[in-house]
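Participant: Chain residues, written in single-letter form:
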Amino acid sequence: MHHRFKFRQVCAVAVGLCIAALMGSVFSARGDGDGPRYFAVMNARIVTGTGTVIDSGTVVIANGLIQAVGANVTVPPEAWVIDGKGLTVYPGLIDVGTDLGLPKEEGSEGSSTGRGRRPAAPSGEVAKGPEDRPATAPWRVAADELKTDDKRIETWRNAGFTTTLTIPDGGIFPGQATVIDLAGDRSGDYVVKAMATLPISFKPIGAWWGFPDSLMGTIAYVRQVFDDSNWYAQAEPIYEANVTKLERLPYDRTERVIARGERDKEIILLPANNAVQILRALRLADEWKINAVLYGGQQGYQVAAAIAAKKIPVLVSLKWPERAKDADPDAEQSLRELRFRDRAPSSPAALAKAGVRFAFYSGGLSTPKDIFKNVKKAVDAGLAPDAALRAFTVDAAEILGAGDRMGSIAQGKIANLMVTDGDLFNEKTKVKHVFVDGRWFEIREEPPVDQPRDHKTDDAPSSQPRRSASEAGVGR
Amino acid sequence: MKFRILLALLLIVTLRPDCVRAQSSGAPANNPILIQNATILTITHGNIEHGSILIRDGKIAAVGTDAKAPDGATVIDARGQYVMPGIIDCHSHIAVDGSVNEGSVSVSSMANIADVLNPDDISIYDDLSGGVTTANILHGSANPIGGQTIVIKLRWGKPASELPFQGAFPGIKFALGENPKRSNFTLPPGVEARYPATRMGVEETIREAFIEARQYKKQRDDYNRKKAAGDQNLLPPRRNEKLEPLVEVMEGKRYVHAHCYRADEILMLLRVANEFGFKVRTFQHVLEGYKIADEIAASGAGGSTFSDWWAYKMEAFDAIPYNATLMTERGVVVSVNSDDAEEARHLNQEAAKSMKYGGLSANDALKLVTLNPAIQLGIDNRVGSIEVGKDADLAIFNRNPLSVYAVVQKTLIDGEIYFDRDKDIAARPALEKEKQDLLAKEKKASEEKKASEKPEANPGKKPDQKKKRPPSVENGAAAVVGGGR
Chain A
82 MHHRFKFRQV CAVAVGLCIA ALMGSVFSAR GDGDGPRYFA VMNARIVTGT GTVIDSGTVV
142 IANGLIQAVG ANVTVPPEAW VIDGKGLTVY PGLIDVGTDL GLPKEEGSEG SSTGRGRRPA
202 APSGEVAKGP EDRPATAPWR VAADELKTDD KRIETWRNAG FTTTLTIPDG GIFPGQATVI
262 DLAGDRSGDY VVKAMATLPI SFKPIGAWWG FPDSLMGTIA YVRQVFDDSN WYAQAEPIYE
322 ANVTKLERLP YDRTERVIAR GERDKEIILL PANNAVQILR ALRLADEWKI NAVLYGGQQG
382 YQVAAAIAAK KIPVLVSLKW PERAKDADPD AEQSLRELRF RDRAPSSPAA LAKAGVRFAF
442 YSGGLSTPKD IFKNVKKAVD AGLAPDAALR AFTVDAAEIL GAGDRMGSIA QGKIANLMVT
502 DGDLFNEKTK VKHVFVDGRW FEIREEPPVD QPRDHKTDDA PSSQPRRSAS EAGVGR
Chain B
806 MKFRILLALL LIVTLRPDCV RAQSSGAPAN NPILIQNATI LTITHGNIEH GSILIRDGKI
866 AAVGTDAKAP DGATVIDARG QYVMPGIIDC HSHIAVDGSV NEGSVSVSSM ANIADVLNPD
926 DISIYDDLSG GVTTANILHG SANPIGGQTI VIKLRWGKPA SELPFQGAFP GIKFALGENP
986 KRSNFTLPPG VEARYPATRM GVEETIREAF IEARQYKKQR DDYNRKKAAG DQNLLPPRRN
1046 EKLEPLVEVM EGKRYVHAHC YRADEILMLL RVANEFGFKV RTFQHVLEGY KIADEIAASG
1106 AGGSTFSDWW AYKMEAFDAI PYNATLMTER GVVVSVNSDD AEEARHLNQE AAKSMKYGGL
1166 SANDALKLVT LNPAIQLGID NRVGSIEVGK DADLAIFNRN PLSVYAVVQK TLIDGEIYFD
1226 RDKDIAARPA LEKEKQDLLA KEKKASEEKK ASEKPEANPG KKPDQKKKRP PSVENGAAAV
1286 VGGGR
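Going line by line, the protein sequences match chains A and B.
Counting from 82, one number per residue, gives the positions in the first sequence under my numbering.
Counting from 806, one number per residue, gives the positions in the second sequence under my numbering.
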């Protein structure tokens, strides 16, 4: 089986090369299901993500996995070779909180996902209590709703992101988040871990006509849901052992799904951005005895030690607080707000120092450019670049429970890689190649579309030679 | 003079520090403190002129005229000043994240204030500046049975987990009358009104909830009994977050604080409580309490009222400012509460009003905001008076606190200084500078950002954007707005 595949690959290489040369477009390695499956990036600087850096080495990719990595490794004859001279190979970046693949479509999903998704409406079904399961759809799985034509998938991938945690939006239990790799033919190819985490929001949904309409009501509701799922986990085996003696159990999708998630130690994401919310979430995680990960984390600088003591990881939102663009310029600003906006980017450094494991998420930032800009702020505020890389790679993978298969450049890991022409956190650095599950994407600067002729377009020719150079570097 | 006080208050409002954490670490709790040369209003043992209070390990170690400072003690010279027990606000909604009402349902007892304590609420600090040290944080009055409540100490700068008054009973809010029946609310069109809409409905809602809670308790007790007898094939009862606190009420493990106005509804709740075997701990507001003071006194409930608010809604038309005095005279334990973050800053004055209305003695007036609310909250063994062994929760005023000119100088909780007027004033310039620096830093960053983005914009090709910035119009509008102020 393995052997037969190799033959096909060799043919595909030839065909692929022709197409690539003729089309001159970004070449998707398995675009038609038959791309090359063997690659070697040679003579490149390799930052493995786990602390080791190989100044000049080779990464061999075979059938979607990293087959070998090191200074002296044998390159299989069937591999496509990329000359990595002057290039750096990093593990593919992981964005641990986005709706990539779940683009918002107004009103298109309301009915299919139950009352949970709808914002509180003055008419129709209104929750009268926890038993009505308001804004609750934990059975939804992002994997099942992936839209692979989401343009942002390509944008993120071109920036070096190979993986995201895609989180459904809306509601207290909006549904389960999925770890996806950003390439594939069909949505199923994207999915790494379908039911990766169960996100919770404490945002009340009602407006005094629907339960819950307050933060405390929302927390009380979540508590009741955990009570109920614990009850189900306890009651179900008793019932099954006594079906002729006991009244049958009512069917409640929510408690059954969550009971299963808890049994499988599924990660539960709790919202916690400021210090008060973080300490509250730590307390609730204890009380509910759940496998919690916090998300938000932007005031971590105040309570890093408390988080470290609980050994609970944090997903840090890179959407640093800013003054609202439409804010009244004359409006009084509180010192507390100003301090928060000033210090939020120092949270990652504080978390790192305290020994808290954390990862980054774009949290609504609309471009990868903004992500890097905002990571830079964290680095400027004291976060070691190494730690920043870990947060985007190894630590992200481990927090998501996928550390055994991704997050670093090591033999056997999924071949998610980014190849750059410089240091990851240098603004001038360009991503040259990205591998997702061993699928090769060459990244080229697209000529600006709809852009008037200004100095930027004048710059364009200068990128031309580099482009052809890297093309020339691909071959056998 | 009055103007000056007003100015001072205004200054506190506008220049209040957003985060004066440094102050809370003023004196470590284990370092002895001696407050000397003060007029001490002990509440329980009269007033002591030129008195001193020794504080050790957060407790009052000695009170009298001859307490001496031990080695290493911090001495607070309060010459000409007055020390009273820290003020206790029996009805407060400060330090809460999000809404204080879970108003969507008639019975919201699953909601718990303890879950949403917000130690960063500036009202905590404001209230400290009014000498308040303890507050009963209540759920709102939107429901016949509201959420669970908690007594806190105003330990500004400490995390939420350190606010609760350890050992104080948890409570639950009930509400009668116009608020729970939604008399004064306008619902958006198309929204179904919530039950109940009448006082009868309020009673029915409470009774129904307790009937449900009684069944719930029975089910649980039955299960435990059968399980103890060895039956392993039983389905466990579900835990119900709404009914648990009601069971605790019936078991005497949770206080009922009932918002109420009219005499008839107060008597109604006493009958319902009697039926289900629980006590109402306090009637809150209880504006017509003076009409049925004997009945309230006989029930053992306290009355926590306003000093002089009336006629702001139909059910407040029979309210009179003599209420506190009249109830006191009939043997009700009465407190005066704020129900409001601002009002809480001058509860000493609110208490003083009962000297004018009904002629309460000075000491009895002070009791309204110290010992009496402590009794009502079941914490009078710890706070509410200046006695040896009690918590060193104290407010130091520059004058007799019953004077409108009295201003708090220092507020202590557990022997720790949480508000110090001099330090507050001294810290303002630095805080203001920090603020201006941060503003300047932000401004600079945003200008740099603009400058770096500008070359990308092409004014020739983007007429739309240009249209959005017609300087003349916007500046004109801004000028009008500015002029309006």
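Just so you know, not all the hints are guaranteed correct.
[Said to hold, decoys possible] Just so you have them, the derived chain A footprint on chain B, three or more residues with Cβ under 8 Å:
no.: 1; region: 843-852
no.: 2; region: 976-983
no.: 3; region: 1101-1111
no.: 4; region: 1124-1135
[Unchecked claim] Heads up, simulated PhoX-like pairs for lysine-lysine below, C-alpha to C-alpha not over 25 Å straight-line:
no.: 5; chain 1: B; residue 1: K1249; chain 2: A; residue 2: K457
no.: 6; chain 1: A; residue 1: K391; chain 2: A; residue 2: K370
no.: 7; chain 1: B; residue 1: K963; chain 2: B; residue 2: K864
no.: 8; chain 1: B; residue 1: K963; chain 2: A; residue 2: K326
no.: 9; chain 1: A; residue 1: K454; chain 2: A; residue 2: K509
no.: 10; chain 1: A; residue 1: K458; chain 2: A; residue 2: K509
no.: 11; chain 1: A; residue 1: K406; chain 2: B; residue 2: K1240
no.: 12; chain 1: B; residue 1: K864; chain 2: A; residue 2: K400
no.: 13; chain 1: A; residue 1: K400; chain 2: B; residue 2: K1022
[Claimed, not checked] A few chain B residues facing chain A, derived, Cβ under 7 Å:
no.: 14; residue: N917
no.: 15; residue: D920
no.: 16; residue: D925
no.: 17; residue: L1040
If you are wondering where the hints come from, they were derived from the structure by calculation, not from laboratory data.
Even glycine gets a Cβ: it sits at the ideal position worked out from N, Cα and C.
Participant: Evaluate each hint against the coordinates.
Facilitator: Cross-check of the supplied hints:
Only residues whose beta carbon comes within less than 8 Å of a beta carbon in chain A count, and the region 843-852 of chain B has 0; fewer than three means the coverage is violated. Only when three residues or more bring their CB closer than 8 Å to a CB of chain A does the claim for the region 976-983 of chain B stand; here the count is 0, and the claim is violated. With 0 residues having a beta carbon nearer than 8 Å to a beta carbon of chain A, the region 1101-1111 of chain B misses the requirement of three or more and the stated coverage is violated. Closer than 8 Å: that is the beta-carbon criterion, and the region 1124-1135 of chain B has 0 residues meeting it against chain A, so the requirement of 3 is violated.
At roughly 18 Å between alpha-carbon atoms, B:K1249 and A:K457 fall within 25 Å of each other, so this suggested pair holds. The suggested pairing of A:K391 with A:K370 holds, with an alpha-carbon distance near 12 Å, which does not exceed 25 Å. Pair hint B:K963 plus B:K864 holds up; C-alpha atoms about 19 Å apart against a cutoff of 25 Å. For the given pair, B:K963 sits about 54 Å from A:K326 by alpha-carbon distance, which is inconsistent with the 25 Å threshold.
Taken as a hint, the A:K454 and A:K509 pair is honoured in the structure, with Cα atoms around 12 Å apart against an allowance of 25 Å. For the suggested pair A:K458 and A:K509, the alpha carbons sit about 16 Å apart, so the restraint of at most 25 Å is met. Simply put, A:K406 and B:K1240 have alpha-carbon atoms about 20 Å apart, close enough for the 25 Å limit, and the pair holds. As the CA atoms of B:K864 and A:K400 are separated by approximately 47 Å, the hinted pair breaks the 25 Å bound.
In summary, the hint linking A:K400 to B:K1022 is not supported, as the alpha carbons are separated by about 48 Å, beyond the 25 Å threshold. Residue-level restraint check for B:N917 holds (minimum Cβ-Cβ distance to chain A is 6 Å; threshold 7 Å). Hint status for B:D920 relative to chain A: holds, with the closest Cβ pair at about 5 Å, below 7 Å. Using the Cβ-Cβ criterion of 7 Å, the hint placing B:D925 at the interface with chain A is satisfied: the shortest such distance is roughly 6 Å.
Taking 7 Å as the C-beta cut-off, the interface hint given for B:L1040 holds, the closest approach to chain A being about 5 Å.
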